[in-house]
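Visitor: Sequence:
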Amino acid sequence: MKRVIIISLGFLFMFASCQAQAEKEENMPPMTTSQSEANEDVNIEAELFQEVQDISVVDKPVEINTEEYIKLIHDFKTFNFWKFNGDKPCVVDFYADWCRPCKMMEPTMEKLAKEYAGKVNFYKVNVDNNRELAQAYGVSSIPFFLFCSNNGQPQASMGMMSEEDMRNVIESMLK
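For the sequence shown, the tail end lands on 175 under the working numbering, and the numbers increase by one without skipping.
Honestly, I wouldn't trust all of these hints.
Stated by the list, open to error - Mimicking EDC-like on lysine to aspartate or glutamate, the simulated pairs with C-alpha atoms at most 16 Å apart in a straight line are:
| # | residue 1 | residue 2 |
| --- | --- | --- |
| 1 | LYS77 | GLU67 |
| 2 | LYS88 | GLU132 |
| 3 | LYS119 | ASP87 |
| 4 | LYS124 | GLU68 |
| 5 | LYS60 | GLU110 |
| 6 | LYS111 | ASP59 |
| 7 | LYS103 | GLU63 |
Keep in mind that the hints were calculated from the coordinates and are not lab data.
Starting from the given sequences, assemble the full structure and let the hints guide the process.
Guide: As structure tokens, this is what we get:
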């Protein structure tokens, strides 16, 4: 539990330091967008809404890539501060196929995904295929879990977690 608190504080400081850069960029003149680009953005948002609706009732962890992460959870490329895009809390499991502890966590993730289906979304991100995303969150050891609530900063945990510890973090997100 101490790890979760320490890592959460790390994220808080990281995002606080990035806020100054975001304010600096806000003072820049806005870019103009053509009508066709605006229509394309509306279509992308409609597709994203449909994707979220399709995923929202899944009772097992869904593997996502960097682009899907940006749409469903957080656009780490655009925003220098945390802005959660999801409609319900989520757990993101950063893993690798060759990682034995990651494989050992799979049954726990699947069990919790069934238990919290419709309340919490569960995602998996392969760090070997999504290096930029893993680097953005400082994933240096796996398994690495990111717990994202509808409000507030995400919490992170590095290494294996007991089912009870994971359930406690999820329950705190739902409060």
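Visitor: None of the hints should be skipped; say for each whether it holds.
Guide: Consistency of the hints with the structure:
1. LYS77 <-> GLU67: holds, 10 Å
2. LYS88 <-> GLU132: Violated: LYS88 and GLU132 sit about 25 Å apart, past 16 Å.
3. LYS119 <-> ASP87: holds, 10 Å
4. LYS124 <-> GLU68: At roughly 11 Å apart (the allowed maximum being 16 Å), GLU68 and LYS124 satisfy the hint.
5. LYS60 <-> GLU110: holds, 5 Å
6. LYS111 <-> ASP59: The given pair, whose Cα atoms are some 9 Å apart, holds under the 16 Å limit.
7. LYS103 <-> GLU63: holds, 14 Å
In this structure, only the earlier hint numbered 2 is contradicted, and the remaining ones agree with it.
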